[in-house]
Amino acid sequence: MLYAPIALIFIPVFSALVIYLVKARFIHYLALIAQAAMTVLAILYYQTYTGNFADTFFVIGGWDARIGISLINDPLSLSFVFLSLFTWWMVLIYTFNTKQDNRTFLFFLMFLQGVFLGLLQTNDLFNMFVFLELTTIIVTILIAFKKAGDSFRAGIYYLLLNTSGVLMFLIGIILLYFTFGTINVNTIQEAMQAGVLVTGEEYAVRFAYVLLMAGISVKAALFPVFTWLPKAHGVAMSAISGLLSGLVVKGGLYLFIRMNEMFAGAQIDYTLFFYVVGALTAVIGVMFALTQKDMKQVLAYHTISQVGIVMMGLAHYDEQTAFGGLLHIFNHALFKTLLFLGAGIIIKAYNNKKIKEIRGVMRTMPVVSIFMIVGMLSITGAPFFNGFISKSIIKYGIQASGIKYWILFIVNIGTATSFIKMSQVFFGPKVMTLRIKEMGQRIALMTLAFSCVILGNLYIPISEGFFGIDVSHVSAVKWEAFFDYAVALILGFCFYKLVIEKDPRAVRKIREFNVSFETANYLFMLYVAVMVVYFVLL
Amino acid sequence: MIKQFVLIGLLAILFAVFFVSMQDIQELYNTFGKDYIAASGFADTGSRNLVTAILLDYRLFDSLFEAGILLIAVSGVIWISKHEIEEKNAQFMLDKFNTPDLFVTFSRLVYPLMLAFGFYVIINGHVSPGGGFQGGAIVATAILILYYIDADKETNIGLIVTIEKILYIAILLVASLSIVTRGEFFTNFFALDASADTKAIYLVLLNVMIGMKVALGLWTIFTAFLKEGR
Amino acid sequence: MNPLLTFVVILIGFYGLSTSTNIIKSVFCVTIIESGVILLFLNLGNLDGGVIPVIGDTLPVGGIADPLPQALMITTIVIGSTVTALALMLCIKVFHHYGTVEWAEILSRESGK
Chain A
6 MLYAPIALIF IPVFSALVIY LVKARFIHYL ALIAQAAMTV LAILYYQTYT
56 GNFADTFFVI GGWDARIGIS LINDPLSLSF VFLSLFTWWM VLIYTFNTKQ
106 DNRTFLFFLM FLQGVFLGLL QTNDLFNMFV FLELTTIIVT ILIAFKKAGD
156 SFRAGIYYLL LNTSGVLMFL IGIILLYFTF GTINVNTIQE AMQAGVLVTG
206 EEYAVRFAYV LLMAGISVKA ALFPVFTWLP KAHGVAMSAI SGLLSGLVVK
256 GGLYLFIRMN EMFAGAQIDY TLFFYVVGAL TAVIGVMFAL TQKDMKQVLA
306 YHTISQVGIV MMGLAHYDEQ TAFGGLLHIF NHALFKTLLF LGAGIIIKAY
356 NNKKIKEIRG VMRTMPVVSI FMIVGMLSIT GAPFFNGFIS KSIIKYGIQA
406 SGIKYWILFI VNIGTATSFI KMSQVFFGPK VMTLRIKEMG QRIALMTLAF
456 SCVILGNLYI PISEGFFGID VSHVSAVKWE AFFDYAVALI LGFCFYKLVI
506 EKDPRAVRKI REFNVSFETA NYLFMLYVAV MVVYFVLL
Chain B
35 MIKQFVLIGL LAILFAVFFV SMQDIQELYN TFGKDYIAAS GFADTGSRNL
85 VTAILLDYRL FDSLFEAGIL LIAVSGVIWI SKHEIEEKNA QFMLDKFNTP
135 DLFVTFSRLV YPLMLAFGFY VIINGHVSPG GGFQGGAIVA TAILILYYID
185 ADKETNIGLI VTIEKILYIA ILLVASLSIV TRGEFFTNFF ALDASADTKA
235 IYLVLLNVMI GMKVALGLWT IFTAFLKEGR
Chain C
3 MNPLLTFVVI LIGFYGLSTS TNIIKSVFCV TIIESGVILL FLNLGNLDGG
53 VIPVIGDTLP VGGIADPLPQ ALMITTIVIG STVTALALML CIKVFHHYGT
103 VEWAEILSRE SGK
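For the record, the sequence lines run as chains A, B and C.
Residue 132 in the working numbering sits at position 127 of the first sequence, and the numbers go up by one each step.
Residue 188 in the working numbering sits at position 154 of the second sequence, and the numbers go up by one each step.
Residue 32 in the working numbering sits at position 30 of the third sequence, and the numbers go up by one each step.
Chain A extracted, bound-state conformation (with noise of 0.2 Å):
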């Protein structure tokens, strides 16, 4: 069992070598066995090693764990690969046929899978950063799978905004390597903590953490460096859309715990700041979500928007805090790739992508359509819905501070108002529309609505049982929690029919404001050069 998170590695990629290459009938199931295997293994892992995780450390090669490439899994870890598992079952299903062209696609499908395991397992830094550029062409590579002209354009400005973000992360791991003498990760974390040779007040060890934290941000899209996400995931295929949302994105966010973890010891307090990055990132996203009229750029715009909600979180020393946090990037996981994947299944029947146009979902597709209200009601935390956990969890670990609070409470009317106007898509009358019966996509969205559900039902025992965190002080069962989803709902439509259903020019601006590539740069380089005023030099 030591050996597992090896085969979880390597078992998707074999697999999708071995479906490159066969020109089977039906090879394409092989990825579905390839699957199951890997969801069986992950099972029998975690019921191994529960309640001693620390024996899941393994050098490989047997070298001393300074010099050699170590691999370590902790409840965070497995949680993300447990997340990881599920969402790559959702797409696969969603996706799955047996024509050949498929099998390219599920070749990199399940590249990616196994690469983004090794991203979650690894514990040298060199290796995250292999990784972390596999991830990078990988991805470029499904967004400009379907080989129109936007996708190739979104593809590239992705490529090199991600690879020069990348870099730097690449930087900052020389710098540590030449203090520490070791890119191991646990090595330099004990080292920080002890603090014999290196305290972590030297420029160095900053300047390398303000360096790995530019690479972070460019990742996970958080404020100033969120501007390939919408162009990538607004032209991506449905299916991709929902798993670089759902998922990659919430690889930098991942790298972020990790990365504040090793620098525990450096005594680097990163609250304020990260909770203002993820605040503007937040109000950012929904503001222009507001504006947007694409139904894929409004999501992808709300997939900011949520990683601001999530950094907003994880930004605070409090455990709760930052265990709310956590969640949310599961919940956001779940309802987005459902959004996601919803979205797809009506843009291709309506064969339109504008909200104004696609009318009558509710009567031409009412399967669809309930699930979908699942994700909308998830999203805007509705009671009794799992995005209504997390967003409890912030909301009372920033109460006491009244700013904190607004911000958050802004964010909600805006994202109930933007899901007020998608909501219009239900309804009017029946349309005919091009009837495509698949029955993975409906068994994908089931899953992925339940599985909202449940979560938002069952959190207490959950968390409890996953990360040792007691949370039972959040409960929908409380006037207050309607309460606030009302305001926020009544709200909401108060604000899209007073003023963004009118369209006046300011949200014509913000909709027609668009970031060119060598402005991205550059507030890419402002971003780092803010980092490092407040992380090095003050």
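Some hints here could point you the wrong way.
Within a straight-line C-alpha distance of at most 27 Å, the following computed BS3-like cross-link-like pairs (lysine-lysine) qualify [said to hold, decoys possible]:
| hint | chain 1 | residue 1 | chain 2 | residue 2 |
| --- | --- | --- | --- | --- |
| 1 | A | Lys152 | A | Lys104 |
| 2 | A | Lys298 | A | Lys435 |
| 3 | A | Lys298 | A | Lys502 |
| 4 | A | Lys152 | B | Lys261 |
| 5 | B | Lys116 | A | Lys152 |
| 6 | A | Lys435 | A | Lys359 |
| 7 | A | Lys104 | B | Lys116 |
| 8 | A | Lys353 | A | Lys152 |
| 9 | A | Lys483 | A | Lys514 |
| 10 | A | Lys359 | A | Lys502 |
| 11 | A | Lys28 | B | Lys261 |
| 12 | B | Lys37 | C | Lys27 |
| 13 | A | Lys359 | A | Lys514 |
| 14 | A | Lys514 | B | Lys37 |
| 15 | A | Lys104 | A | Lys358 |
| 16 | A | Lys359 | A | Lys507 |
| 17 | A | Lys514 | A | Lys298 |
| 18 | B | Lys116 | A | Lys353 |
| 19 | A | Lys514 | A | Lys502 |
| 20 | A | Lys435 | A | Lys514 |
| 21 | A | Lys358 | A | Lys514 |
| 22 | A | Lys28 | A | Lys151 |
| 23 | A | Lys483 | A | Lys409 |
| 24 | A | Lys152 | A | Lys358 |
| 25 | A | Lys298 | A | Lys151 |
| 26 | A | Lys151 | B | Lys116 |
| 27 | A | Lys361 | C | Lys27 |
| 28 | A | Lys152 | A | Lys28 |
| 29 | A | Lys151 | A | Lys359 |
| 30 | C | Lys27 | B | Lys261 |
| 31 | A | Lys435 | A | Lys361 |
| 32 | A | Lys151 | A | Lys353 |
| 33 | B | Lys261 | B | Lys116 |
| 34 | A | Lys298 | A | Lys361 |
| 35 | A | Lys483 | A | Lys361 |
| 36 | A | Lys151 | C | Lys27 |
| 37 | B | Lys261 | A | Lys151 |
| 38 | A | Lys358 | A | Lys298 |
| 39 | B | Lys116 | A | Lys28 |
| 40 | B | Lys116 | C | Lys27 |
FYI, nobody ran anything at the bench for these hints, they're computed from the structure.
Since the model is a prediction, treat every value here as computed from it, not as a measurement.
Start from chain A and add chains B and C according to the hints.
Below, chains B and C without anything else, positioned relative to chain A:
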């Protein structure tokens, strides 16, 4: 204009911080990794070239994904460059008649030498500077010169890609053989106390496979670009 | 070569990335940053001086250069070359679709459609 001055200012901040952190690094400079590998690298791995020792033994896991990145890029470039309609008479960008005769003649002369040098670098990767990745790049360059000698050369990309994928699977298998013989993943499959000559078998085997894989991969990428430049 | 000088190379790359309006130039700038990173890593690995890390039966006098950065940089070079290849291929495709490789013009043509 003011935008650029601000940008230079921002970069100057980064440079200043880098400058002071260099002072720190000069003080802290930690040579643990270097000393460790210098002391036990040859005994552990049997490779006199310590870079190869790291690439093929200490950090073989990285190298596997390094080869994997090339594999992904090859498949990606092929997929992106594939046209909907199969153009049969795709003309190569390199026109034979426009290439100077001197260049063609010298290419003929240099081609076997380059090929031999590439293989030399691959095979001696464990005792002299070089290795699979470097030698593979040289071999790929040599193969590319063939396009200058014979501009009408037809390349079956599908076959090359298939061979490349199979080679990658073979590399994975050879790398993980050590789980059977030694109970450890991704290291030399000979015992730790085997003689350096025995260990060299593994190093040469892996170097040759990686070299071939890299050469084929780069060849494919180049061919895809040539077809694109009609 | 001084590590500071290599950092200047990196900064030049970032300067170019934030000012150039052409896709090809952006690709070049990423390559420049990458070269800068590689040079920086190799430079720092050889701060005390030393010969190439290929050893005989005894260690060479004066020590060797740190082999780990060199091994890591081979990986970085391969990654860099693949990124460049992919970016250039995408660039060709963008040119086929839009007839230009200027970021701003691509945007204007897209919104014009």
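Taking the hints in turn, this is what the structure says about them:
no., hint, result
1, Lys152/A with Lys104/A, "18 Å, holds"
2, Lys298/A with Lys435/A, "22 Å, holds"
3, Lys298/A with Lys502/A, "16 Å, holds"
4, Lys152/A with Lys261/B, "17 Å, holds"
5, Lys116/B with Lys152/A, "10 Å, holds"
6, Lys435/A with Lys359/A, "17 Å, holds"
7, Lys104/A with Lys116/B, "17 Å, holds"
8, Lys353/A with Lys152/A, "17 Å, holds"
9, Lys483/A with Lys514/A, "41 Å, violated"
10, Lys359/A with Lys502/A, "19 Å, holds"
11, Lys28/A with Lys261/B, "25 Å, holds"
12, Lys37/B with Lys27/C, "19 Å, holds"
13, Lys359/A with Lys514/A, "18 Å, holds"
14, Lys514/A with Lys37/B, "22 Å, holds"
15, Lys104/A with Lys358/A, "25 Å, holds"
16, Lys359/A with Lys507/A, "16 Å, holds"
17, Lys514/A with Lys298/A, "13 Å, holds"
18, Lys116/B with Lys353/A, "25 Å, holds"
19, Lys514/A with Lys502/A, "19 Å, holds"
20, Lys435/A with Lys514/A, "34 Å, violated"
21, Lys358/A with Lys514/A, "21 Å, holds"
22, Lys28/A with Lys151/A, "22 Å, holds"
23, Lys483/A with Lys409/A, "23 Å, holds"
24, Lys152/A with Lys358/A, "18 Å, holds"
25, Lys298/A with Lys151/A, "22 Å, holds"
26, Lys151/A with Lys116/B, "12 Å, holds"
27, Lys361/A with Lys27/C, "39 Å, violated"
28, Lys152/A with Lys28/A, "23 Å, holds"
29, Lys151/A with Lys359/A, "20 Å, holds"
30, Lys27/C with Lys261/B, "23 Å, holds"
31, Lys435/A with Lys361/A, "15 Å, holds"
32, Lys151/A with Lys353/A, "14 Å, holds"
33, Lys261/B with Lys116/B, "10 Å, holds"
34, Lys298/A with Lys361/A, "7 Å, holds"
35, Lys483/A with Lys361/A, "36 Å, violated"
36, Lys151/A with Lys27/C, "25 Å, holds"
37, Lys261/B with Lys151/A, "20 Å, holds"
38, Lys358/A with Lys298/A, "8 Å, holds"
39, Lys116/B with Lys28/A, "18 Å, holds"
40, Lys116/B with Lys27/C, "25 Å, holds"
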